[in-house]
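Participant: Here is what each chain is made of, one letter per residue.
Protein chains: 2
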Amino acid sequence: MNHLFITPAARLQPRWQAAFPQATLAAVAPETDRLTPPPDIIWIVCEGEQQPLSAPLLEAVTRLSAESAVVVLANAPQQADALQALQAGARGYAHALSPVATLQQIATVVTNAGIWVPADLMAQVMGHTWQALNGEQRLRHALLDKLTEREREVALAVVQGASNKQVARTLNITERTVKAHLTSIFHKLEITDRMQLMLKLTEKVSAKERI
Amino acid sequence: MNHLFITPAARLQPRWQAAFPQATLAAVAPETDRLTPPPDIIWIVCEGEQQPLSAPLLEAVTRLSAESAVVVLANAPQQADALQALQAGARGYAHALSPVATLQQIATVVTNAGIWVPADLMAQVMGHTWQALNGEQRLRHALLDKLTEREREVALAVVQGASNKQVARTLNITERTVKAHLTSIFHKLEITDRMQLMLKLTEKVSAKERI
DNA sequence: TTTTTAACTGTACCTCAGTCCAATACTTTT
DNA sequence: AAAAGTATTGGACTGAGGTACAGTTAAAAA
Numbered sequence: 001m002n003h004l005f006i007t008p009a010a011r012l013q014p015r016w017q018a019a020f021p022q023a024t025l026a027a028v029a030p031e032t033d034r035l036t037p038p039p040d041i042i043w044i045v046c047e048g049e050q051q052p053l054s055a056p057l058l059e060a061v062t063r064l065s066a067e068s069a070v071v072v073l074a075n076a077p078q079q080a081d082a083l084q085a086l087q088a089g090a091r092g093y094a095h096a097l098s099p100v101a102t103l104q105q106i107a108t109v110v111t112n113a114g115i116w117v118p119a120d121l122m123a124q125v126m127g128h129t130w131q132a133l134n135g136e137q138r139l140r141h142a143l144l145d146k147l148t149e150r151e152r153e154v155a156l157a158v159v160q161g162a163s164n165k166q167v168a169r170t171l172n173i174t175e176r177t178v179k180a181h182l183t184s185i186f187h188k189l190e191i192t193d194r195m196q197l198m199l200k201l202t203e204k205v206s207a208k209e210r211i
Numbered sequence: 001m002n003h004l005f006i007t008p009a010a011r012l013q014p015r016w017q018a019a020f021p022q023a024t025l026a027a028v029a030p031e032t033d034r035l036t037p038p039p040d041i042i043w044i045v046c047e048g049e050q051q052p053l054s055a056p057l058l059e060a061v062t063r064l065s066a067e068s069a070v071v072v073l074a075n076a077p078q079q080a081d082a083l084q085a086l087q088a089g090a091r092g093y094a095h096a097l098s099p100v101a102t103l104q105q106i107a108t109v110v111t112n113a114g115i116w117v118p119a120d121l122m123a124q125v126m127g128h129t130w131q132a133l134n135g136e137q138r139l140r141h142a143l144l145d146k147l148t149e150r151e152r153e154v155a156l157a158v159v160q161g162a163s164n165k166q167v168a169r170t171l172n173i174t175e176r177t178v179k180a181h182l183t184s185i186f187h188k189l190e191i192t193d194r195m196q197l198m199l200k201l202t203e204k205v206s207a208k209e210r211i
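Chains as they are written, first to last, in full-length UniProt numbering: chain A, 1 to 211; chain U, 1 to 211.
A portion of the hints provided could be inaccurate.
What the hints assert, rightly or not - Each computed EDC-like pair below joins lysine to aspartate or glutamate, with the alpha-carbon atoms no more than 20 Å apart:
1) K165/A to E153/A
2) K200/U to E151/U
3) K165/A to D193/U
4) K165/U to D193/A
What the hints assert, rightly or not - According to the in silico footprint, chain U covers these stretches of chain A (three or more CB under 8 Å from chain U):
5) 80–91
6) 191–203
Treat the hints as calculated values from the structure; they're not laboratory data. Every residue gets a Cβ at the ideal spot worked out from N, C-alpha and C, and that includes glycine.
The whole structure should be built from the sequences, with the hints applied where relevant.
Facilitator: Shown next as structure tokens:
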């Protein structure tokens, strides 16, 4: 197993050495084609205390992840960083001071096409995805179900920015009828105008409403 | 380590056998309390070619995941299936024809309280979350940066459903001035009315616009 | 110093949005 | 059969949204 650590530091942390005795060190991200054979795992160390993952590092992740499995080690892990890194193609994101056993575990997972992410990040991601897939949909449906078929059509057109006249044309009815439907919609949803309608239907699920 | 494969097939795939020689087979999902002791890992195989994860299987995942770690193996992996499975309590989702080493790796991760998901799914989910956290913000800022300070204040108030009169009151200016700002905003953003403004500023980042 | 830009206001005008009162036709429920 | 709900339209009205034209003031840039 071939490990390469990319870090501005002069030498490898003892725990990295302990985890992978045969690991090599590089100060900057090398060209991909200069590495023959490419390392099995490239560990990119993010030294920054507070500042986010730098653009060059991110670019390195993107470039190197084509050939090797890339794992980002952060001294100050941040969720936003992790998301960026993983989206750039990194296969793992962990604390730079992870214990030796964890580092080795990460290596095993990552070389087997797995992905390593901190548990709290996973929880957040799952929450977001759940919310995006179900929460908003549910809210929308709960509201739209209060409306009749025709009112729904009108409402959906209006929240896409259509004027009454445009809605009338697309539904082949009079503008007057559109107004009638809207008045009914406003009553049912207890709102006053199309702006509120748009707000209601695009509203994010607030924390307390989550399942 | 105790493995149970649930699959309609008559017998275990050779690679499953190779990965876990001591694995047992079941045609349908058994009652949880009938299994003493419960298996360490239950592998539920989704045979379907195109159709999504069936409801009974999903129910089985929910029920069995209370006692054992459940991993769903799909012949035709789909993102929606994976999310459903993970949401139902599955601890892993992988291709049914994953190599032996991968299967064993999955077992290790899953028994150690880990979660196993395909890399491409992870990338999509991460991308979604990143977008939710930052993408929208960026788009908003790109647009709002075209406006002057005062125009920004007006725009932000308007997209929250405020009328011109309300904006005027909160900013301590005339309604006429609010209109003037809005006219300027509409020109700069190349839109025609406050509805479009709301659409512009709440617009989701589309796939091609992602970083 | 002249020019530009932002913020602000006025008058007038037009269009669009929304409501009230009213009515017809059709379907479903009671 | 009667009542209720839905879809449809009309006329008249009020108010809000938006534009065109015109102007003042202050600060920043040229």
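Participant: Run every hint past the structure and note whether it holds.
Facilitator: Hints and how they fare:
For the suggested pair K165/A and E153/A, the alpha carbons sit about 14 Å apart, so the restraint of at most 20 Å is met. For a cut-off of 20 Å, the pair hint linking K200/U to E151/U stands: about 15 Å separates their Cα positions. For the suggested pair K165/A and D193/U, the alpha carbons sit about 15 Å apart, so the restraint of at most 20 Å is met. As the CA atoms of K165/U and D193/A are separated by approximately 15 Å, the hinted pair is consistent with the 20 Å bound.
Closer than 8 Å: that is the beta-carbon criterion, and the stretch 80–91 of chain A has 7 residues meeting it against chain U, so the requirement of 3 holds. Look at the stretch 191–203 of chain A against chain U: 6 of its residues bring a Cβ nearer than 8 Å to a Cβ of that chain, three or more, so the hint holds.
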